[in-house]
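Those protein sequences? They're chains A and B, same order as listed.
This note's numbering puts the first residue of the first sequence at 2, with every later residue one more than the last.
This note's numbering puts the first residue of the second sequence at 131, with every later residue one more than the last.
Each hint should be verified, as a subset may be incorrect.
[To be verified] Straight-line C-alpha distance at most 20 angstroms; calculated EDC-like pairs for lysine to aspartate or glutamate: (1) A:Lys-115 - B:Glu-166; (2) B:Lys-170 - A:Asp-121; (3) A:Lys-115 - A:Glu-99; (4) B:Lys-170 - A:Glu-80; (5) B:Lys-170 - A:Glu-99.
Just so you know, the hints here were simulated from the structure itself, not pulled from any lab data.
Please read these numbers as outputs of a predicted model, since none were measured by experiment.
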Amino acid sequence: MTSGFEVLLVEPGHLLRRTVSLTLRSLGTAGVTESATYQTAQALCERRAFDAAVIAVEWPLPADSYRGLTLIQQIRSGESACAASMPVAVMVEACTGELLELLRACGISRVLIKPFRVRDVVDTIDRMKAGMQKLPPQRDGSPGAAAQR
Amino acid sequence: MIKPPIPANEDQRLALLYELVLLDTPPERRLDRIVEFAAKEFAVPICLISLVDSERQWFKARVGLDVCETPRDISFCGHALGSSEVLMVPDALLDARFHDNPLVTGPPHIRFYAGAPLVCRDGLAIGTLCLIDTAPRTLDEVELAILASLRELAVVALTRTADPDEEGEADD
């Protein structure tokens with residue numbers, strides 16, 4: 002039983018992704034849609050809306066065209082079914098000044114730098130949800146925009 | 131010290147444990163990953179996947195402990211088999227079941243224990259995913275949920291063949 006708050010979790014690591022997802026579901030904090038790859042995440046975002054996203058970002062940027070940053074930029078530019086202003090947190094191995102500038106420009110809510118704990122991701126999503134609930138209610142009264150789209 | 135009780139479903143529990151062919155088998159990376167991940171998540175020096183055999187507990191995966199088995203009579207994990215809930219012992223020295231247990235009074239000097247029963251089919255618990263610390267502590271609701279999630283993943287890894295998604299991943 003979740004609260005109607007829907008989160009997209011993009012993380013290639015099976016153990017981290019599954020543990021975060023199972024924990025959020027068992028606590029009833031959020032419904033979680035998992036994606037191990039950016040390609041899948043991109044397809045998901047084109048099809049449906051989420052209330053928030055937590056996305057692993059590779060840095061330095063890998064050679065292929067599917068990246069966490071690309072996905073975030075697509076969301077921010079309205080090229081997805083999600084609200085362009087949707088809260089997004091990122092998970093990174095390390096954060097340089099250059100990456101931080103890029104993330105700030107993308108309006109990132111939180112940067113989780115490894116080694117972080119599952120607890121940190123759960124708390125981050127909890128805060129995103131609390132922030133969403135402080136916003137004026139949607140037309141159907143739900144805290145999350147994804148529920149009405 | 132109070133010896134761990136023998137669960138009512140002991141025969142079926144052991145039959146399942148033997149059927150899974152886990153005891154005395156080589157380490158497996160996907161299970162090692164779970165205990166390493168849990169030890170880091172909870173910042174504990176010891177984390178085990180302990181399988182409770184008739185007379186011993188044998189560690190299929192372990193972090194922070196050199197021995198691969200201990201007698202069941204003195205096991206903490208044996209006490210966790212009677213329920214599907216996490217058995218948490220915040221301070222073993224204050225617990226009548228454990229205060230004079232040789233694992234408490236001697237190495238590895240257990241003070242904190244949290245064991246999530248590895249409940250497989252038909253509600254049969256074959257062992258635990260457990261966290262051990264040498265200092266008293268406790269787990270809050272979120273931490274208990276995280277431990278239960280890792281337990282779920284451990285049960286899946288113990289009871290079925292490897293998933294390419296798990297095997298192919300980079301270490302978390």
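Against the 20 angstroms threshold, does the CA-CA distance of B:Lys-170 and A:Glu-99 hold or violate the hint? Outside the cut-off at roughly 29 angstroms; violated.
Given hint A:Glu-99 paired with A:Lys-115 - CA-CA distance at most 20 angstroms: holds (17 angstroms)
Keeping to a limit of 20 angstroms between CA atoms, is the pair of A:Lys-115 and B:Glu-166 held or broken? holds (15 angstroms)
Restraint check for B:Lys-170 with A:Glu-80, where alpha carbons must lie at most 20 angstroms apart: Measuring from Cα to Cα gives roughly 38 angstroms; hence the hint is violated.
Given pair status - A:Asp-121, B:Lys-170, alpha carbons within 20 angstroms: With a Cα-Cα distance of about 13 angstroms, the restraint between B:Lys-170 and A:Asp-121 holds, given a limit of 20 angstroms.
Violation of the numbered hints given earlier is confined to hints 4, 5; the remaining hints are satisfied by the structure.
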